[in-house]
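Undergrad: Sequence:
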Amino acid sequence: MRLEVVNPLHDDSWNDLVLTHGEATVFHSREWAEILWDSYGFPAHYGIVRDGGRLTALLAVMQVSSRLTGCRGVSLPFSDECAPLLSGSVTVEDLLGPVVGLGRSLGWQYLEIRSATPRSGGSSVSSSFISHEVEMGAGEDGLYRALKPGHRRNIAGAKLRGVSVQVLDTWAAVEGYYLLHCQTRRRHGLPPQPVGFFRALHRRAIGPGRGVVVLATSGGRCVSGAVFLRFGATAVYKFGASDPACRDLRPGYLVMWEALRHLRSTGVRKVSLGRTDPDQAGLLRFKRGWGAHEANLSYSRINLTGTRRLIAAKGRGLRLLAPVFRRLPIQILQRIGAAVYPHIA
0 MRLEVVNPLH DDSWNDLVLT HGEATVFHSR EWAEILWDSY GFPAHYGIVR
50 DGGRLTALLA VMQVSSRLTG CRGVSLPFSD ECAPLLSGSV TVEDLLGPVV
100 GLGRSLGWQY LEIRSATPRS GGSSVSSSFI SHEVEMGAGE DGLYRALKPG
150 HRRNIAGAKL RGVSVQVLDT WAAVEGYYLL HCQTRRRHGL PPQPVGFFRA
200 LHRRAIGPGR GVVVLATSGG RCVSGAVFLR FGATAVYKFG ASDPACRDLR
250 PGYLVMWEAL RHLRSTGVRK VSLGRTDPDQ AGLLRFKRGW GAHEANLSYS
300 RINLTGTRRL IAAKGRGLRL LAPVFRRLPI QILQRIGAAV YPHIA
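So for the sequence shown, numbering that gives the first Met the number 0 puts the first residue at 0; every next one is plus one.
Because the hints were derived from the structure by calculation, they are not lab data.
Check before you lean on any hint, since a few could be wrong.
DSSO-like cross-link-like pairs, simulated, lysine-lysine; straight-line CA separation at most 27 Å [as the list claims (entries may be wrong)]:
1. Lys147 <-> Lys269
2. Lys158 <-> Lys237
3. Lys158 <-> Lys147
4. Lys147 <-> Lys237
5. Lys158 <-> Lys269
6. Lys269 <-> Lys237
Ranges between beta-carbon positions, derived for each pair [as the list claims (entries may be wrong)]:
7. Ala155 <-> Arg220: 18 to 26 Å
8. Gly281 <-> Arg144: 34 to 42 Å
9. Tyr143 <-> Gln330: 21 to 29 Å
10. Leu67 <-> Leu18: 13 to 21 Å
11. Gln330 <-> Leu282: 25 to 33 Å
12. Arg202 <-> Arg334: 20 to 28 Å
13. Val124 <-> Thr265: 19 to 27 Å
14. His9 <-> Arg284: 39 to 47 Å
Just so you know, even glycine gets a beta-carbon here, dropped at the ideal spot from N, CA and C.
Could you build the full structure based on these sequences and the hints that come with them?
TA: So this is what it looks like as structure tokens:
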């Protein structure tokens, strides 16, 4: 076995190679690496094993260097789940050995793997979530029958109340969604991701046809939206936001349903609904209602420093500031997000 450490940004045939592995998702794609590089400047160190023109194994890692939160390897930053891709006799340990050695030489404090893949002996759980995945193979009628009755009622109710949905790929649509996104993040007591990140999403993925923005309007007003990214026959529900003043319209249910219908019509057969914190009861109910397969998702860390002390969970400080963030103007929160997100990947 020969493991190479490569940068997918330097390989025009990267996506073709990755798609030879049946478990690849958008988070393994060149576009996602470009988005993270364009937005935050994270260097890529992807460990791969090839067999001729086929991908045998992949561990996608980027280096996050911060004066505030330290230097580490993450697989991958701002990615709900990025499992090592394995086949044949290659094991997780086969991939980890050379990458851990590289990390030590680069001064990483730890390596974090964001997937449900069985952990190596030297790792410990750093975070736990719940993941959901919708299989699209049953046809549209079967997909609809799999929905919880309450979800079907909310879809029908949104239509009766005049909510309309469009599936778009324009920058104007991304801007429309981003406004809702900023409002939702403030309501949750969090700064939004930088607008530059959404520009990169559009430039690298949505505009070229590897993603869509789904917007719901009522009375000419945007009331709900979602962003989906796709790669091969898989797609990921990356972001969602709604106007709380229009909650009674149930627009988010129609957005998700029309998105699933559209993605299925374009050849997508599996949609990840992303990760959810176990204590987010409302979001869990929403995701469970789509007939999704539910699984536990744990992130694991391998300590590379030889000491017991690691920097505390990076999101904890933001949660403590939530009451303050809820009172700030969106423009101020956008500046905070642009300053903070490169440090908390």
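Undergrad: Now tell me, hint by hint, if it's right for this structure.
TA: Results for each hint:
With a C-alpha separation of about 19 Å, the suggested pairing of lysine 147 with lysine 269 holds against the 27 Å cut-off. A distance of roughly 24 Å separates the Cα atoms of lysine 158 and lysine 237; the hinted pair therefore holds under the 27 Å criterion. For the suggested pair lysine 158 and lysine 147, the alpha carbons sit about 17 Å apart, so the restraint of at most 27 Å is met. Distance restraint check for lysine 147 and lysine 237: the Cα-Cα separation of roughly 22 Å lies within the 27 Å cut-off, and the hinted pair is therefore satisfied.
Of the supplied pair hints, the one linking lysine 158 and lysine 269 holds, its CA atoms being roughly 26 Å apart against a limit of 27 Å. A threshold of 27 Å between alpha carbons decides the hint, and for lysine 269 with lysine 237 the separation of about 14 Å falls inside it, so the pair holds. At roughly 21 Å, the beta-carbon separation of alanine 155 and arginine 220 lies within the given 18 to 26 Å, and the hint holds. Remark: the range hint 34 to 42 Å for glycine 281 to arginine 144 is contradicted by a beta-carbon distance near 24 Å.
At about 42 Å, the CB distance of tyrosine 143 to glutamine 330 disagrees with the hint of 21 to 29 Å. At roughly 37 Å, the beta-carbon separation of leucine 67 and leucine 18 lies outside the given 13 to 21 Å, and the hint is violated. Take glutamine 330 and leucine 282: their Cβ atoms lie about 27 Å apart, and the range 25 to 33 Å holds. Judged by the Cβ atoms, the range 20 to 28 Å given for arginine 202 and arginine 334 holds: they are separated by roughly 22 Å.
Distance hint for valine 124 and threonine 265: a CB-CB separation of about 36 Å, inconsistent with the stated range 19 to 27 Å. Look at histidine 9 against arginine 284: about 44 Å separates their beta carbons, and that is inside 39 to 47 Å.
Comparing the model with each earlier hint shows violations of hints 8, 9, 10, 13; every other hint is respected.
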